[in-house]
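J.: These protein sequence lines map, in sequence, to chains A and B.
Per this note's numbering, the very first residue in the first sequence carries number 7; after that it's consecutive.
Per this note's numbering, the very first residue in the second sequence carries number -13; after that it's consecutive.
Treat the hints with caution; some may be incorrect.
Straight-line Cα separation of at most 25 Å, DSS-like style, residue types lysine-lysine; simulated pairs [what the hints assert, rightly or not]:
| # | chain 1 | residue 1 | chain 2 | residue 2 |
| --- | --- | --- | --- | --- |
| 1 | A | 145 | B | 27 |
| 2 | A | 18 | A | 40 |
| 3 | A | 40 | A | 145 |
| 4 | A | 18 | A | 31 |
| 5 | B | 200 | A | 145 |
| 6 | A | 194 | A | 76 |
Note that these hints are calculated values from the structure, not bench results.
Treat the numbers as computed from the prediction; the structure is a model and nothing was measured.
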Amino acid sequence: MSKMDDFVIQAKGLSKTFGEVQALKNLDLQVPDKTIFAFLGPNGAGKTTTIKLLLGLLRPTSGGGAVFGKDIVRDSVDIRAKVGYLPQDFRFYEHMTSRQTLDYTAKFFFKGPQSEIDKRVNEMLELVGLTDKADRPIKGFSGGERQRLGIAQAEVNYPDLLILDEPAANLDPMGRRDVLDVMTRIRKYATIFYCTHILDDVQSVSDEVIILNKGEKIAQAPIEELLEGAGGPVYSVTMRGDVEDAYARISALPWVAGIQASQRGDQTHWEVSVTDKAAAEDQLMSLLVSSGVKVADFGLKAVELEDIFIQLVEGAE
Amino acid sequence: MSTYVGNEVFDMVSERGWRRGFGNLWQGEFSSWFRSSRWLKHLLLWVILVDGFMAIMAYATSQAPEQEGPPLFLMYGIFGSMFVAFGVMIIMQRAIVGEKREGTAAWVLSKPVTRSSFVMSRLLGNTLGILVTSTLIPGLLVYLIFGVFTPVGWLPPLGFLAGLLIFCLHIFFWLTLTLMMGTFFESATGVIAVPIALYFALWFIPSLIPSLYKINPLVLTFSDPAVMPSIAQSLMSGTPVESWLQVIVTVVLCVIFIAVAIWRFNREEF
Chain A
7 MSKMDDFVIQ AKGLSKTFGE VQALKNLDLQ VPDKTIFAFL GPNGAGKTTT IKLLLGLLRP
67 TSGGGAVFGK DIVRDSVDIR AKVGYLPQDF RFYEHMTSRQ TLDYTAKFFF KGPQSEIDKR
127 VNEMLELVGL TDKADRPIKG FSGGERQRLG IAQAEVNYPD LLILDEPAAN LDPMGRRDVL
187 DVMTRIRKYA TIFYCTHILD DVQSVSDEVI ILNKGEKIAQ APIEELLEGA GGPVYSVTMR
247 GDVEDAYARI SALPWVAGIQ ASQRGDQTHW EVSVTDKAAA EDQLMSLLVS SGVKVADFGL
307 KAVELEDIFI QLVEGAE
Chain B
-13 MSTYVGNEVF DMVSERGWRR GFGNLWQGEF SSWFRSSRWL KHLLLWVILV DGFMAIMAYA
47 TSQAPEQEGP PLFLMYGIFG SMFVAFGVMI IMQRAIVGEK REGTAAWVLS KPVTRSSFVM
107 SRLLGNTLGI LVTSTLIPGL LVYLIFGVFT PVGWLPPLGF LAGLLIFCLH IFFWLTLTLM
167 MGTFFESATG VIAVPIALYF ALWFIPSLIP SLYKINPLVL TFSDPAVMPS IAQSLMSGTP
227 VESWLQVIVT VVLCVIFIAV AIWRFNREEF
């Protein structure tokens, strides 16, 4: 298998224009096999457009792409045979029950035997917790139940690539947790490409992230790289006492990029940005103590994806 | 890239080319007509409308046989084709546009199916459902009404059946036209407006330009007997058909409508 074959999705200069609006501009994209790949961006960034282009539901204005090495325009039916897709605004046939919907979906992939299709349908109903509602018409379903059914129908063919457009939308916290569990379980079998606005989820399960803004890619990196690249490590320190001496000594150190100070009652709070994490781990705490301050709290500040996302999107504007 | 463990127990769908997904789509469409009460509701509606009116006409004819009223064949031509044609337009306006607007078309087309098989499944499923419930079964009841209650009597069965097939062709013309319009418009109003306008144009224009009479699909099922009998009436009553040109023109138009619908739907974006 060549290096290029390791990418499930590849796009080069992929663009889409609707009338005067350029929804997607020259997107270059490579999604490695068996990864959970998060696709982020504010509303109208071009995420859903990209997904629809990959599935052949839209035609590119220019550029192109391939999924499993197959062309997204010419071979879209073959591509869809290996993909499970949960659309953002998901609509079923309302007269069908969830069991009928899954049976109908499964039969786009499998001719039979019916007993095995029934087993798969039952497995999917159980996976998303809809077994007790399997024979009720969908028209009575809540938003969360529809979303669960959407996930089940996307997974019913055990796809090699699962594309989920806002999978946790409409779900309560338990439902969200279940979706993340499903994604984590599937990751060893399939590649998952998903859009979401819930950045906590992205940080907890994703391997790689791409961020779009106004139809343009503004970042793509493995999640750790993205988090590390957000201006370097920051140490959070809360202390009491006279901090002037400590401030003078620490701010003069070559590996200290800056100190942001604030006062909370009798406590002083610093956020110390450093360029050398190892040096900071070795020396920062002892320097503070030797300067005579009483340290109440000390630790490496966790970098949140949300901060990076906002920083990147606002930076691009 | 390995496929999930677990799919090897299945027989995979093997359709290729434009037929990809057709089997399941057709099954779904067939089920929506015949594995629910939909067919029965439609059948009741058309039996009441078509056979109910024909029964009233038959009763009126038997009560006053000396009075010259509109010929029974002409009345059947009107009830059995004009009413049904408008019914078809109403049913079919949703076949494509309804699914586009509700988002179910986008969902189905995200599966391994071709646009052509989507259009063909909607066409064939609705054709079967509509023709069985609105034309074939009510038509057979009309045969009984003619035979038992009217002076028309028992018509030659094969000729009557051939006439019923002409009624089916007439309905198929409106069905394919409305389906095609559904691929061009986003609203049901647009879809239904064109067939209705065309219906009235076909009704009135041939009276201004008589040469159009011989290629007018409306004349397949009813016509002014003073000008020429309809093909359906000729076949049902066992009289020779003057010209098959209307049949040929209608078949060609249906084929064109289907081809255009598939061409247009293949260019649709979801």
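J.: Could you run down the list of hints and mark each one as holding or not?
T.: Verification of the supplied hints:
1. A:145 <-> B:27: Roughly 21 Å between the alpha carbons, so the hint for residue 145 of chain A and residue 27 of chain B holds.
2. A:18 <-> A:40: It holds: about 21 Å lies between the C-alpha atoms, which stays within 25 Å.
3. A:40 <-> A:145: The given pair, whose Cα atoms are some 35 Å apart, is violated under the 25 Å limit.
4. A:18 <-> A:31: 10 Å, holds
5. B:200 <-> A:145: With a Cα-Cα distance of about 49 Å, the restraint between residue 200 of chain B and residue 145 of chain A is violated, given a limit of 25 Å.
6. A:194 <-> A:76: Between residue 194 of chain A and residue 76 of chain A the Cα gap is close to 22 Å, so the pair holds against 25 Å.
In this structure, the earlier hints numbered 3, 5 are contradicted, and the remaining ones agree with it.
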